[in-house]
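Chains as they are written, first to last, in my numbering: chain A, 1399 to 1699; chain B, 14 to 315.
Bear in mind the hints are in silico, worked out from the structure with no lab data behind them. Computed from a predicted structure; not experimentally measured. Think of the CB as a built atom: it goes at the ideal place given N, C-alpha and C, for glycine as much as any other residue. Any given hint might turn out to be false.
Pulled a few chain A residues facing chain B out of the computed Cβ check, cut under 8 Å [claimed, not checked]:
1. Q1515
2. E1537
3. A1542
4. G1544
To give an idea of the chain A side of the interface with chain B (calculated C-beta under 8 Å), a few residues [what the hints assert, rightly or not]:
5. M1511
6. A1520
7. N1531
8. Q1569
9. F1573
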Amino acid sequence: MKIKPEAIRDLNVQPDSIQSFTKDKILAVFKNMARLRKFEQVILECNQKNCETFKNKVIHMVTGQEVTGSVLAEMYPKYHYFAGHRCADLYLGLGASTQELRDEIMYLDSGCMNGTQGAQFAYHKDGITIHTNTGFIGEQLPLAAGYALASEQKTIAICGDGAAEEDYALQTYGFAATHKLPILFVVNDNNLSVLSPKENRRSWNIAKVAEGFGLASADVADDPWTLMKVFSYMETRLPALVNVRVNRNYWHIGFGIDNPPLWDRYAIVKQQISEIGYEYETCEIEQNAEIEMRELWREYL
Amino acid sequence: MEKLTLRDIIRETTNKHLCENNGMLFGECVKDPGGVSNTIPVHENVIDTPMSETAAADFAIGAALSGRRSIYVVRFQNFMLMGASPFISFASVVKGIYGKSAPVFIRAVGCDKLDCNHADILHSMFMHFSGMKVCAPMTPGEWLNAWETFMQEEQPLFCSEHRDAFNVTDETQDEICEDAQINLFGISKARQSLSEAKYILNKIGIKANIFHIAWLKPFNAEKYIEVLRKTPLGLVTDAGRVICGAPEHIAYELMHAVPGSIVYANGIEDSPKSKNPKFYNAVPDAQLIVDKALSILTNGRM
Ligand SMILES: [Mg+2]
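If we strip away everything but chain A, and leave its shape as in the complex, we get (with noise of 0.2 Å):
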């Protein structure tokens, strides 16, 4: 049985969630998603001009997932995290360097990651920690297990739905569990490994195996306000995993399009934030990301 787009976008969904947030923080998460929306647009524009300038790069476009990021960057600034691929968002959402970021992507020397790597963002500056793997797909759940083991800090290890199943990485939730530990999990389900479909690679829900393994769990879909609850309420019962349903608007590299999203969760979130009176800061926020993005990429453009 086909499910319906409606479903899954609205999976646990709690309505109106929005009114329990102040403007403040409703639009704070709103600007992480805009710099990060802005960012990729002109990443594309930069590309359209000039198809070479990002020949033999490595782009994991995060347009249409950007709520997890931004959310928890919003959330948890000085939590200790380990991201994978396609983490533009947290990056960003944190505040931590955009000109690394970019410099990065270019493989430059002068690149967060020294432009070794060009598609994973560490940074270990201004009071912000993000560990990467280094390809191992998921390697960043045990990693950030025997991390938080260690330090007894709070940790948060983001991942997509592909690497929420490997091996090692079963293993982690349930020594996070066995230990207790101070660890979030969170799954980026954009039900796409590559371009292999959920249903294609296995028949269980990570959220349900999580629980079975004795984490407390979740598993929703990107609704900004309704993610702030159940990350809030997850924070004091962890180790916990939460699995978070997203569109992934591009291919697993480059910006490629094969069907239109299922949804598009900025454009609701857009929607919500005008119907409650703040229409005009909604633009000023998309013009001011706009207009960084665009100096920023400037020399590419």
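Fit chain B with the ligand to the supplied structure of chain A, relying on the hints for placement.
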């Protein structure tokens, strides 16, 4: 005073690390008193991991990333076939990639005369990848040297131990004679047969030098230039396999260090190991080393 065995040194050094440095130790089935041939102390920082070599390695590396140098123990080196990837792909390279270090001391215990997945020596595999030092200590002093090297550096270190060395108390010495006809180099358990091989050769009128190699990577070939110039023939015997392995690599390094010298590589056969004596594929013993040496001396080949 009674001499300390290698086993005692490992256990006491580990205990000190756990108590004084807030270090951690990770491994499967390591927490039981007397664990891993009584090389592991009883301490709360010893973590019995779930039975997943790969995840366990990552847990150890994650702990090291947070600033707590950790020790990762596998009771049989073969298990490193599953535990290797986090060290190779992450811990060895993370310093160069984003400036954070993940120093883990990997204690991989080798054995002999066990089945095909409990008796291999795999240190050669780790020499291949970047960023990791590889040592095969067989004495207390060599093990301490590996440990102290690790403590001063920011990379993981692969320590290829051998169960048959845990009772060793004495250090070994290289033995050089004036008119040697061949140099016998040994690695890991093969070193325990060097003296006997030299003795057997001596009885039939052949003089041999013997050299104990603990550091495989980096390997210091320069140390042997003088002896190789005098006696430009050698045989490197390892407890592991030869093809693309430590003995071939070291033979190559030695021949490069002294052009014109010929150094052969020796180790176990290119077949599985077994518990069945008929199929042991055991580490070369003294007689086997002697046979190879004689073949080289007589026929110019092994
Ligand atoms: Mg995915």
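Hints versus structure:
The closest approach between the C-beta of Q1515/A and any C-beta of chain B is roughly 6 Å, which is under the 8 Å cut-off, so the hint is satisfied. The beta carbon of E1537/A is positioned within 8 Å of a beta carbon in chain B (closest approach about 6 Å), and the interface hint is therefore held. Among the interface hints, the one on A1542/A holds; its C-beta lies about 6 Å from the nearest C-beta in chain B, closer than the 8 Å criterion. Taking 8 Å as the C-beta cut-off, the interface hint given for G1544/A holds, the closest approach to chain B being about 2 Å.
With its C-beta approaching chain B no nearer than about 5 Å, M1511/A sits inside the 8 Å limit, and its interface hint holds. The criterion of a C-beta within 8 Å of any C-beta in chain B is met by A1520/A, whose closest approach is roughly 4 Å, and the hint holds. For N1531/A, the suggested interface contact is upheld, since its CB lies about 7 Å from the closest CB of chain B, less than 8 Å. The beta carbon of Q1569/A comes within 4 Å of a beta carbon in chain B, closer than 8 Å, and the hint placing it at the interface holds.
Taking 8 Å as the C-beta cut-off, the interface hint given for F1573/A holds, the closest approach to chain B being about 6 Å.
Violated hints are absent here; each numbered hint is respected by the structure.
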